[in-house]
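Going by this note's numbering, the sequence shown opens with residue 40, and the numbers climb by one from there.
Since the hints were derived computationally from the structure, they do not count as laboratory data.
The model shown is predicted, which means the values in this text are computed figures rather than measured ones.
There may be inaccurate statements among the hints.
[To be verified] Label-pair restraints from in silico Cβ distances:
1. Thr342 <-> Lys88: 37 to 45 Å
2. Glu73 <-> Arg185: 44 to 52 Å
3. Pro107 <-> Pro340: 31 to 39 Å
We put the beta carbon where it would ideally sit given N, CA and C, even for glycine.
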Amino acid sequence: MMGSVSEGARQVIEVCLGLKKDEKLTIITDRPTEKLAMALKESAERVTKRVDFFILEDFGKRPLQAVPKPVEESIKSSDASILLVQKIGNEVYTIRKPIRILGLKYGRHVNMPGVNKKVFETGLSVDYRKVWRFSKMVYRILRKSREIAVKSDSGTDIVLEISDKYRWVNSLGDMRKKGHQGTNLPGAEVFTYPSNVNGTFVVDVELGDYFSEKYGFLEKTPVYLEISDGVVTSVECENSVLKNELIKYMRADSNAGRIGEFAVGTNPFLREFIGVFLQDEKVPGVHIAIGNPYPEATGAPYTSRVHLDCITKNPTVLVDGRIIMDKGRFTLPKRY
Numbered sequence: 040m041m042g043s044v045s046e047g048a049r050q051v052i053e054v055c056l057g058l059k060k061d062e063k064l065t066i067i068t069d070r071p072t073e074k075l076a077m078a079l080k081e082s083a084e085r086v087t088k089r090v091d092f093f094i095l096e097d098f099g100k101r102p103l104q105a106v107p108k109p110v111e112e113s114i115k116s117s118d119a120s121i122l123l124v125q126k127i128g129n130e131v132y133t134i135r136k137p138i139r140i141l142g143l144k145y146g147r148h149v150n151m152p153g154v155n156k157k158v159f160e161t162g163l164s165v166d167y168r169k170v171w172r173f174s175k176m177v178y179r180i181l182r183k184s185r186e187i188a189v190k191s192d193s194g195t196d197i198v199l200e201i202s203d204k205y206r207w208v209n210s211l212g213d214m215r216k217k218g219h220q221g222t223n224l225p226g227a228e229v230f231t232y233p234s235n236v237n238g239t240f241v242v243d244v245e246l247g248d249y250f251s252e253k254y255g256f257l258e259k260t261p262v263y264l265e266i267s268d269g270v271v272t273s274v275e276c277e278n279s280v281l282k283n284e285l286i287k288y289m290r291a292d293s294n295a296g297r298i299g300e301f302a303v304g305t306n307p308f309l310r311e312f313i314g315v316f317l318q319d320e321k322v323p324g325v326h327i328a329i330g331n332p333y334p335e336a337t338g339a340p341y342t343s344r345v346h347l348d349c350i351t352k353n354p355t356v357l358v359d360g361r362i363i364m365d366k367g368r369f370t371l372p373k374r375y
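Work out the full structure, taking the sequences as your base and the hints as a guide.
Okay, structure coming up:
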């Protein structure tokens, strides 16, 4: 059931961020996303009058190469911040990451790159308290696991070894308290760094980073990744341009071809992929990521300057032999 932009904005402000009366909020947006950001502003102003609102284009031509000083100063004096912008150029390094670091240092932060109207109407217009309860149930199962197997009709067949040396992260979409885990909305997902991975992973939904916008859905030209001892050893795809670009991407540094993440999407209200990666990775299902394993969150023993998520369609997931997902649908009780 589709919601509305105003309901999505209300969920972000009142539920996920838990904004309180007299708290200060900084909203950073851009021209293409300004109308959606205004919905957030209007929702926030029903709670507090202390709202700063910035549009990146007011500070120069995009992509910007540094966080504008007024934005930086506003975040430093705020209890919470929201970044709602389109993905442009290298701003992941010059704008989005620095703002995320600032936001978490001085308060609570919500990160919403690439989010559009449909995301507000679907992935954000859900009961996040129910999402949190369901995600916590999945987290409790996964954090005790030692072996996870993932298979799909399209050819995915991998086995992951899970070590208690590395942490599971429950990225709920809950930003009510400073120091929260995860900043992205929509939520939610549960992820870790797998100590070993072997098998074939078929990317037949979409790839993350800039690949999502560039290549879209991959159902007609899936990517086949062969993985041995946690490293991608071969890439196959009928789209030779995409194949070569992926191979180059995985040579960005010495760890760029390693499997750095295994994740399960845990938003039970999402039923379909819409082409916005930040939401699509939260659909009940599985994705892995090549490159950076987020060591600050998982405790993984290395880092990388790239991170590429890969979604497979309708997976069946076995956790220590127990089926928790059958062809993309959770088999767990709906306790939410």
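Evaluation of the provided hints:
1. Thr342 <-> Lys88: 37 to 45 Å: 42 Å, holds
2. Glu73 <-> Arg185: 44 to 52 Å: At roughly 48 Å between Cβ atoms, arginine 185 and glutamate 73 fall inside 44 to 52 Å, so the hint holds.
3. Pro107 <-> Pro340: 31 to 39 Å: 36 Å, holds
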